[in-house]
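Residue numbers (the working numbering): 135 to 652.
Warning: the hint list may mix true and false statements.
DSS-like cross-link-like pairs, simulated, lysine-lysine; straight-line CA separation at most 30 Å [as the list claims (entries may be wrong)]: (1) LYS354 - LYS488; (2) LYS352 - LYS470; (3) LYS488 - LYS470; (4) LYS354 - LYS142; (5) LYS473 - LYS453; (6) LYS453 - LYS488; (7) LYS645 - LYS627.
Derived by calculation from the structure, the hints in this document are not laboratory data.
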Amino acid sequence: MRINIQFKDRVGIAHEILAVLARRGLNVVAVEVDPPNIYIDSPELLEFMLPSLQTDCQSVRGVGEIKVLDVLPGIRRRLNLDTMMAVMEDPVLAIDASGHIVIANVAAATATRMSESSLCQRSLNQVLDDAGIQEELVNCGFRLPSREVSLNGEPYFMDVTPVSEPQGLDITHGRSVGAVLTFHAPTRIGGRLHALQHSEGSGFHFIIGESEQIRSLKIKAVRVAVVDAPLLITGETGTGKELLAQACHGVSGRSNAAFLELNCAALPESLAESELFGYMSGAFTGAQRGGKPGLFEMADGGTVFLDEIGEMSLYLQAKLLRFLNDGKFRRIGSDKEVKVNVRIISATHRNLRKMVQEGSFREDLFYRLNVLHLEMPALRERPDDILPLARHFIERACTQAQKPVCRLNSSACAALVSNHWPGNVRQLQNVVFRAITMSDQRVLDAADLDWAEGSITADVVKSDATESWELSVNAFERSLLENLYPQYPSSRKLATRLATSHSMIATKLRKYGIPQKR
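All chains should be built: construct the whole structure from the sequences, respecting the hints.
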């Protein structure tokens, strides 16, 4: 039985309590003293003995009540620690003041291919492939910035947390007696980056729109997403190519792994190379000590999205082509090949075929990237989606601005639908956000949109017209088609004039009975 005996602390009281148990012939296998409590494990102590034991103990000055325990506190802490260490997916080592390992978890044993007991008989230098880290840790008091190290030939990021002996009530600035080392594999880092960057999740339901073009795109994209091959997404800037790439990753067989992206137009060649392929310690001036994994390593098993692939330099195109051939690459400054399993999704608003003809994009890389292809339609080609998108952005903008949800009157609806939207969905979002931010009206008018974005032009709907969105849009569409049809008397000519699909124009003409029969 395990018991807790409370007492008033004084010199020798613990010995007097144990003497009581000894006189009764009770064997004690574990004792923990934490004033004002002494915890005792005595297998021979039975429940019916407790009343007499309480009486004997109270003969000792300062002893209080005896309570029964299920497990001693120290053993409970050790069991909890062992369980926590066992379930941690990252390797963890605890070292003493001289750098010898005292605790290792299951993940560390797996990474080093040693048993936990074998690890606890070694020094840090005998486990890490990087000589000198143990001495450096000891000399700097176990306060070392995160760096990359090698465990059994594999790269890991090492975080160091000093373990200090408390001085009085201060448990944070005592004498360092060791440290806890946590090792993060590149794929684990990639998974955490993915979780931070895509906390809202991904899926085709995030692509807003019920137009014929979007429905057709989603059907095709679902089929393409499950095929584990390179995918090229084309479309004008601001159409949502990255959102489509995320959705394809989210329904693929790689959905549980990381989705990491790089904008090829946002970084110079040297930085883009280090971001993709990583580098070794000292590879170039300013390189992080210990090296750094690239996106390909961190996304192993997942997807890397290369946005604006048309802006990639010819040098990087050659390195990317080699990677696509066999999945292998070398970090900058390394002679060791790394092999990973990554799917490449790329996107561009440029005409890659024309760039191939001009010699600014490699033809062999183009065919490797363009195994599967999706075209993201421009916003002007799917006018039926403009108002649903506007409603979505209005709700989001009002939430961010902590305002009641606003709405658009018929004039504003007509202005939005009639705009050419050269900046596509991104421009629409900016227009709505600026209008919500700068206007105090609960109902937005076309003038509010004009004030926020000067490119919007539309015939103003009469102020006494209905403010029903659907009826207002229908009235505008009918008026627009009736005015233009005499000048462009066919669905194809009218579609060319309005820069949209001829099938959509034909559907609208039938809907409004244009031309009217005589």
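Right, here's what the structure says about each hint:
For the suggested pair LYS354 and LYS488, the alpha carbons sit about 25 Å apart, so the restraint of at most 30 Å is met. With a C-alpha separation of about 41 Å, the suggested pairing of LYS352 with LYS470 is violated against the 30 Å cut-off. A hinted pair counts as satisfied when its Cα atoms are at most 30 Å apart, and LYS488 with LYS470 does not qualify at roughly 37 Å. For the hint linking LYS354 to LYS142, the alpha-carbon distance of about 77 Å lies beyond 30 Å, and the restraint is violated.
The hinted pair formed by LYS473 and LYS453 meets the criterion: a straight-line CA distance of about 14 Å does not exceed 30 Å. At most 30 Å may separate the alpha-carbon atoms for a hinted pair to count; LYS453 and LYS488 meet this at roughly 22 Å. Restraint check for LYS645 and LYS627: the C-alpha separation of about 18 Å stays at or below 30 Å, so the hint holds.
Violated hints, in rising order: 2, 3 and 4; the structure is consistent with all others.
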